[in-house]
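All chains should be modelled from the sequences, with the hints used to inform the complete structure.
If you count the sequence shown from 1, position 170 lands on 170 in the working numbering, and the numbers rise without skipping.
I should point out that these hints are in silico values taken from the structure, not numbers from a laboratory.
Treat the hints with care, as some may be off.
[Said to hold, decoys possible] Restraint-style ranges between C-beta atoms, simulated for each label pair:
id, residue 1, residue 2, range
1, L166, V16, 38 to 48 Å
2, Y133, R51, 40 to 50 Å
3, Q130, E152, 16 to 26 Å
4, S70, N7, 20 to 30 Å
5, K144, N45, 32 to 42 Å
6, T164, V16, 36 to 46 Å
7, K95, R51, 38 to 48 Å
8, A167, N128, 14 to 24 Å
9, S27, N128, 12 to 22 Å
10, A66, E26, 15 to 25 Å
11, Y57, V132, 15 to 25 Å
12, D93, R159, 40 to 50 Å
13, T78, K143, 19 to 29 Å
14, T47, I160, 41 to 51 Å
[Claimed, not checked] Straight-line Cα separation of at most 27 Å, DSS-like style, residue types lysine-lysine; simulated pairs:
id, residue 1, residue 2
15, K143, K94
16, K94, K144
17, K94, K147
18, K65, K28
19, K28, K143
20, K65, K144
21, K147, K65
22, K95, K147
23, K143, K95
24, K95, K144
25, K65, K94
26, K28, K147
27, K28, K95
28, K28, K94
29, K95, K65
30, K144, K28
31, K65, K143
As the structure is a computational prediction, the values presented were derived from the model and not from experiment.
Here a beta-carbon is modelled for each residue, glycine too, at the ideal position from N, C-alpha and C.
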Amino acid sequence: MVGVKNNRRAQYTQQVIQETVLSLLESKPINAISVTEVCEQADVNRTTFYRYYTDIYDCVESIEKAFVTSLNPLDGATPTQALEHLLTAFYRDKKLSNLVFVEGKTQLLERMQELMKQTGPDPQLIDNYQGVYIGAGLQSILKKWVKDGMPETPQQLTRIIIDTILAKDLDDMRDVVL
1 MVGVKNNRRA
11 QYTQQVIQET
21 VLSLLESKPI
31 NAISVTEVCE
41 QADVNRTTFY
51 RYYTDIYDCV
61 ESIEKAFVTS
71 LNPLDGATPT
81 QALEHLLTAF
91 YRDKKLSNLV
101 FVEGKTQLLE
111 RMQELMKQTG
121 PDPQLIDNYQ
131 GVYIGAGLQS
141 ILKKWVKDGM
151 PETPQQLTRI
161 IIDTILAKDL
171 DDMRDVVL
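Here is the structure:
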């Protein structure tokens with residue numbers, strides 16, 4: 001028999017717990033979600049929850065890691081392709097998209113930025129401040145997109161983001177600012 005954490009029943013239980021946490025994130029912030037509430041809705045014992053996770057944040061981190069790992073098969077992808085792949089993953093799984101609203105103890109943004117670094121241009125071309133600026137802008141756009149119900153397709157939003165990063169059609173504004 002395979003170890004406890006890898007057998008089918010254990011995987012199913014973890015999936016149910018994670019789906020419950022994602023569902024709860026639709027209606028409340030992470031710090032308002034209790035283990036008791038998750039266990040009641042997932043129909044599992046608290047002992048079962050603690051067998052797999054230390055707390056709600058640990059569960060969310062597990063979800064994040066699985067999500068980012070699922071994005072990794074992008075060897076040779078351009079930054080545009082990687083971004084579109086990321087947006088498509090959020091678009092396909094609306095509950096997963098609630099992770100963009102989890103503030104504080106999660107590393108989803110950092111993990112996504114790391115993924116973009118792997119597929120992005122040579123780090124010499126983008127300095128630290130530019131990277132932070134682009135990352136924060138991307139996070140804000142993702143939050144707005146999710147909050148608005150994802151009205152644009154991943155392809156449309158990718159184009160909007162890339163055009164913004166490249167400052168396309170901002171020549172007139174550049175003259176006013178400078």
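A quick look at each hint next to the structure:
Restraint check, L166 to V16: a C-beta distance of roughly 43 Å satisfies the suggested window 38 to 48 Å. Our hint of 40 to 50 Å for Y133 and R51 holds, since their Cβ atoms are close to 42 Å apart. One distance hint, 16 to 26 Å for the beta-carbon pair Q130 and E152, holds here, with the actual separation near 25 Å. Roughly 21 Å separates the CB atoms of S70 and N7, a value that falls within the hinted 20 to 30 Å.
Here the CB-CB span from K144 to N45 is close to 39 Å, well matched to the stated 32 to 42 Å. Taken as a hint, the range 36 to 46 Å holds for the pair T164 and V16, whose Cβ atoms sit roughly 39 Å apart. Hint check: K95 to R51, Cβ distance near 23 Å, so the stated range 38 to 48 Å is violated. With their beta carbons about 19 Å apart, A167 and N128 fall inside the hinted range of 14 to 24 Å.
About 37 Å separates the C-beta atoms of S27 and N128, a value inconsistent with the hinted range of 12 to 22 Å. A beta carbon spacing of about 19 Å between A66 and E26 agrees with the range 15 to 25 Å that was offered as a hint. A beta carbon spacing of about 24 Å between Y57 and V132 agrees with the range 15 to 25 Å that was offered as a hint. Against the hinted window of 40 to 50 Å, the Cβ-Cβ separation of D93 and R159 comes to about 22 Å, which falls outside the hint.
Our hint of 19 to 29 Å for T78 and K143 holds, since their Cβ atoms are close to 24 Å apart. The supplied range of 41 to 51 Å is met by T47 and I160, whose beta-carbon atoms lie about 47 Å from each other. A distance of roughly 12 Å separates the Cα atoms of K143 and K94; the hinted pair therefore holds under the 27 Å criterion. Between the alpha carbons of K94 and K144 the distance comes to roughly 14 Å, so the proposed pair stays at or under 27 Å and holds.
A threshold of 27 Å between alpha carbons decides the hint, and for K94 with K147 the separation of about 11 Å falls inside it, so the pair holds. A hinted pair counts as satisfied when its Cα atoms are at most 27 Å apart, and K65 with K28 qualifies at roughly 22 Å. Distance check on the hinted pair: K28 and K143 sit about 15 Å apart at the alpha-carbon level, within 27 Å; holds. Taking the CA atoms of K65 and K144, the gap is near 23 Å; set against the 27 Å cutoff, the hint holds.
A distance of roughly 23 Å separates the Cα atoms of K147 and K65; the hinted pair therefore holds under the 27 Å criterion. In summary, the hint linking K95 to K147 is supported, as the alpha carbons are separated by about 12 Å, within the 27 Å threshold. For the hint linking K143 to K95, the alpha-carbon distance of about 13 Å falls within 27 Å, and the restraint holds. For the given pair, K95 sits about 15 Å from K144 by alpha-carbon distance, which is consistent with the 27 Å threshold.
For the given pair, K65 sits about 17 Å from K94 by alpha-carbon distance, which is consistent with the 27 Å threshold. Taking the CA atoms of K28 and K147, the gap is near 13 Å; set against the 27 Å cutoff, the hint holds. A hinted pair counts as satisfied when its Cα atoms are at most 27 Å apart, and K28 with K95 qualifies at roughly 13 Å. Using a Cα cut-off of 27 Å, the hinted pair K28 and K94 holds, with the two alpha carbons roughly 15 Å apart.
As the CA atoms of K95 and K65 are separated by approximately 15 Å, the hinted pair is consistent with the 27 Å bound. With a CA separation close to 17 Å, the supplied pair K144 and K28 stays within the 27 Å bound. In summary, the hint linking K65 to K143 is supported, as the alpha carbons are separated by about 19 Å, within the 27 Å threshold.
When each numbered hint is compared with the structure, violations occur for hints 7, 9, 12.
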